[in-house]
Amino acid sequence: MKIRLTGASKGHQLLKKKADALSLRFRQILKEIIEKKEGMGDIMKASFFSMTQAVYSGGEGIKHTIIDNVETASVKVTGGLDNVAGVKIPHFITAITPGESKMDLIGLGRGGQQLQHCRKAYIESIELLVALANLQTAFVTLDQALKVTNRRVNALENVVIPKIENTISYIKAELDELEREEFFRLKKVQKNKAKHAEADDTRKAAEQAAGGGGGGRGGGGAGDLLSAGQDEDVLF
Amino acid sequence: MGEKSGALMDGGALVALIADEDTITGFLLSGVGNVDIRKKTNYLVVDSKTTTKQIEQAFKEFVAREDIAILLISQNVANMIRLTVDQHQKAVPAVLEIPSKDNPYDPNADSLLCRVKHIFGAS
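First to last, the protein sequences are chains A and B.
Heads up: the first sequence begins at 1 in the working numbering, then just goes up one per residue.
Heads up: the second sequence begins at 237 in the working numbering, then just goes up one per residue.
In short, the hints are calculated from the structure, not lab data.
Quantities reported herein were computed from a predicted structural model and do not represent experimental measurements.
Beta carbons are placed, not taken as given, at the ideal position from N, Cα and C, and that holds for glycine.
A hint or two may mislead.
[Said to hold, decoys possible] Restricting the straight-line Cα-Cα distance to at most 25 Å, the calculated cross-link-like pairs of lysine to any residue (SDA-like) are:
| # | chain 1 | residue 1 | chain 2 | residue 2 |
| --- | --- | --- | --- | --- |
| 1 | A | K45 | B | D283 |
| 2 | A | K120 | B | V271 |
| 3 | B | K276 | A | T78 |
| 4 | A | K36 | B | S336 |
| 5 | A | K36 | B | K326 |
| 6 | B | K285 | A | H64 |
| 7 | B | K337 | A | Q53 |
| 8 | A | K37 | B | K326 |
| 9 | A | K18 | A | T78 |
| 10 | B | K276 | B | S347 |
| 11 | A | K45 | B | K326 |
| 12 | A | K37 | B | K276 |
[Stated by the list, open to error] Here chain A is said to cover these stretches of chain B; the calculated rule only asks that three of the stretch's residues, wherever they fall, bring their Cβ under 8 Å from a Cβ of chain A:
| # | segment |
| --- | --- |
| 13 | 255-264 |
| 14 | 286-300 |
| 15 | 317-327 |
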């Protein structure tokens, strides 16, 4: 039982440490998210502006050309799982497939430079957005993990440990009670023994005293019986 | 989470888009767009004729797809399906709200920032 108590309290301490580490990381990420989001607004504005320029110089038709020329994505995200204080968080990295895409050739007719400039601006914003997405996923995952850990900590604190402590004190009380009962029983037995011993002693003493007198009388009686000798025949 | 990270670690996952035509064009230009053999795209162009139901359906579809890691959605479009966006609590795909040309970025409407501020303010 005591082992369970030590186990539970150790687990509780460890979980508390984990919760603290998680919330620390959490707060850092929070700050970064707020900063990045504000920066993102500006970068998107710049990209939109360069888009307008490109459309202006390339003509309206350029939008349709772009949409028509989509095939497989050259910008993808790869990533793995980061381990932060014991929590696995997915992590994204922009991966630009090298090589030529059809997009390179758009705008060769008109406004090519604007278009390429616009393209670069958008690629930049994508990278920023991927970084933001990273922070966001980390945030969400940490949030969930933090909630679970806190729940466990609270459960241990408020339910498991008091229960175990109660059980332990109950068991101790019972054992004490048993001990007292045992003690009392021993005492009783001793008293009884003592009483019996006393009773035996008094009996023996009485017997001896009686035995001396009784022995003589007993012998006399026996002599009478013997000396009665010639008994008259009993006639039926 | 196991199957979702499969796409990430294999070849690379995609970035999905739900936005107005200009935003989408810009991002397509940078090479984010993907059309596979079955003519399924990873973007949805939202204009005045698109219904809320279509947007919601596309959102749910993108979220369910295993090869999409990030979902970019214009803020005005996100406002149209605010409930569905708020209910999305999973880590992957990461749903990010971006401003559009006509609506500058409004941090008060962003669901993620709301939660951030909530927790930041609370703690």
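Hints, one by one, checked against the model:
For the hint pairing K45/A with D283/B, the CA-to-CA distance comes to about 20 Å; that is within 25 Å, so the pair holds. Restraint check for K120/A and V271/B: satisfied, since their Cα atoms lie roughly 22 Å apart, inside the 25 Å limit. Taking the CA atoms of K276/B and T78/A, the gap is near 21 Å; set against the 25 Å cutoff, the hint holds. Under the criterion of a C-alpha separation no larger than 25 Å, the hint pairing K36/A with S336/B is consistent with the structure, at around 17 Å.
Taking the CA atoms of K36/A and K326/B, the gap is near 21 Å; set against the 25 Å cutoff, the hint holds. Note on K285/B and H64/A: the hinted pairing holds, with a Cα-Cα distance of about 18 Å set against a maximum of 25 Å. With a C-alpha separation of about 13 Å, the suggested pairing of K337/B with Q53/A holds against the 25 Å cut-off. Taking the CA atoms of K37/A and K326/B, the gap is near 20 Å; set against the 25 Å cutoff, the hint holds.
Between K18/A and T78/A the CA atoms are separated by roughly 28 Å; this puts the pair beyond 25 Å, and the hint is violated. With a C-alpha separation of about 28 Å, the suggested pair K276/B and S347/B falls outside the 25 Å cut-off, and the hint is violated. The suggested pairing of K45/A with K326/B is violated, with an alpha-carbon distance near 29 Å, which exceeds 25 Å. With a C-alpha separation of about 30 Å, the suggested pair K37/A and K276/B falls outside the 25 Å cut-off, and the hint is violated.
Only residues whose C-beta sits within less than 8 Å of a C-beta in chain A count toward coverage, and the segment 255-264 of chain B has 8 of them, enough to reach three; the restraint holds. Coverage of the segment 286-300 of chain B by chain A is violated in this model, with 0 residues showing a Cβ closer than 8 Å to a Cβ of that chain against a need of three. Counting residues of the segment 317-327 of chain B whose CB lies closer than 8 Å to any CB of chain A gives 3, which reaches the minimum of 3, so the coverage claim holds.
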